[in-house]
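Engineer: Full structure from sequences and hints, please.
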Amino acid sequence: MIDQKKYKCSDCGFEWSSPQKEYQNCPDCGSENINLISDEKEMGNDITQNTGSNRKGYGGRGRGSGAPRVCKCTQCGHEVPKIPGVPCRNEKCPECGGMLCGSE
73 MIDQKKYKCS DCGFEWSSPQ KEYQNCPDCG SENINLISDE KEMGNDITQN
123 TGSNRKGYGG RGRGSGAPRV CKCTQCGHEV PKIPGVPCRN EKCPECGGML
173 CGSE
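Numbering-wise, the sequence shown is residues 73 to 176 according to the numbering used here.
Hints listed in this document are in silico derivations from the structure and should not be mistaken for laboratory results.
Treat each hint with caution, since some may be false.
[To be verified] DSSO-like cross-link-like pairs, simulated, lysine-lysine; straight-line CA separation at most 27 angstroms: (1) LYS80 with LYS154; (2) LYS144 with LYS80; (3) LYS154 with LYS164; (4) LYS164 with LYS144; (5) LYS77 with LYS93; (6) LYS154 with LYS144; (7) LYS93 with LYS80; (8) LYS93 with LYS78.
[As the list claims (entries may be wrong)] What follows is a list of derived Cβ distance ranges for each label pair: (9) ASN97 with GLN147: 13 to 23 angstroms; (10) SER175 with PRO99: 14 to 24 angstroms; (11) GLY169 with GLN76: 31 to 41 angstroms; (12) PRO91 with ILE155: 33 to 43 angstroms.
We put the beta carbon where it would ideally sit given N, CA and C, even for glycine.
Structural biologist: Here it is as structure tokens:
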């Protein structure tokens with residue numbers, strides 16, 4: 073039996089699995105804030121619980137507390153409000169036409 077590695081992005085919520093490749097970034101949004109779900113279930117605890125990045129925690133926005141609120145241009149740094157349901161990477165910067173990415 074092949075061991076399927078299951079991942080979840082703490083920033084955009086995207087979940088995926090891969091029997092062959094180990095991921096360091098979310099393939100959907102590019103975030104490095106990802107968790108190995110299969111390890112969490114095997115250990116019986118939430119990996120994010122002790123790091124302060126639990127999405128369901130209290131105390132306001134912190135790392136891993138949901139989708140970004142703004143999209144930021146990778147070239148000029150211009151920020152635009154995030155449109156819910158539309159990934160930042162699908163939008164272009166209104167100032168320079170560069171690629172946008174999620175930003176805190």
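Engineer: Quick check: does the Cβ-Cβ distance between ASN97 and GLN147 fall within 13 to 23 angstroms?
Structural biologist: holds, 20 angstroms
Engineer: Are the Cα atoms of LYS80 and LYS154 separated by 27 angstroms or less?
Structural biologist: holds, 21 angstroms
Engineer: Is LYS77 within 27 angstroms of LYS93, Cα to Cα?
Structural biologist: holds, 8 angstroms
Engineer: Decide if the proposed pair is consistent with the structure: LYS144 and LYS80, CA atoms, cutoff 27 angstroms inclusive.
Structural biologist: holds, 23 angstroms
Engineer: Holds or violated: LYS154 with LYS164, Cα cutoff 27 angstroms?
Structural biologist: holds, 12 angstroms
Engineer: Measuring from beta carbon to beta carbon, are SER175 and PRO99 in 14 to 24 angstroms?
Structural biologist: The hinted range 14 to 24 angstroms holds for SER175 and PRO99, with Cβ atoms some 19 angstroms apart.
Engineer: Just tell me: holds or violated, for the beta carbon distance of PRO91 and ILE155 against 33 to 43 angstroms?
Structural biologist: holds, 34 angstroms
Engineer: Taken at face value, is the distance from the CA of LYS80 to the CA of LYS93 at most 27 angstroms?
Structural biologist: Holds, at roughly 14 angstroms.
Engineer: Just to be careful, I want the Cα atoms of LYS164 and LYS144 compared with a cutoff of 27 angstroms; is the pair within it?
Structural biologist: holds, 10 angstroms
Engineer: Kindly confirm whether 31 to 41 angstroms is satisfied by the beta carbon distance between GLY169 and GLN76.
Structural biologist: Taking Cβ atoms as reference, GLY169 and GLN76 lie about 40 angstroms apart, which means the hint holds.
Engineer: Under the criterion that the straight-line Cα-Cα distance not exceed 27 angstroms, is the pair LYS154, LYS144 satisfied?
Structural biologist: holds, 9 angstroms
Engineer: Can you confirm whether the C-alpha distance between LYS93 and LYS78 stays at or below 27 angstroms?
Structural biologist: holds, 11 angstroms
Violated hints for the displayed structure: none, as all numbered hints are satisfied.
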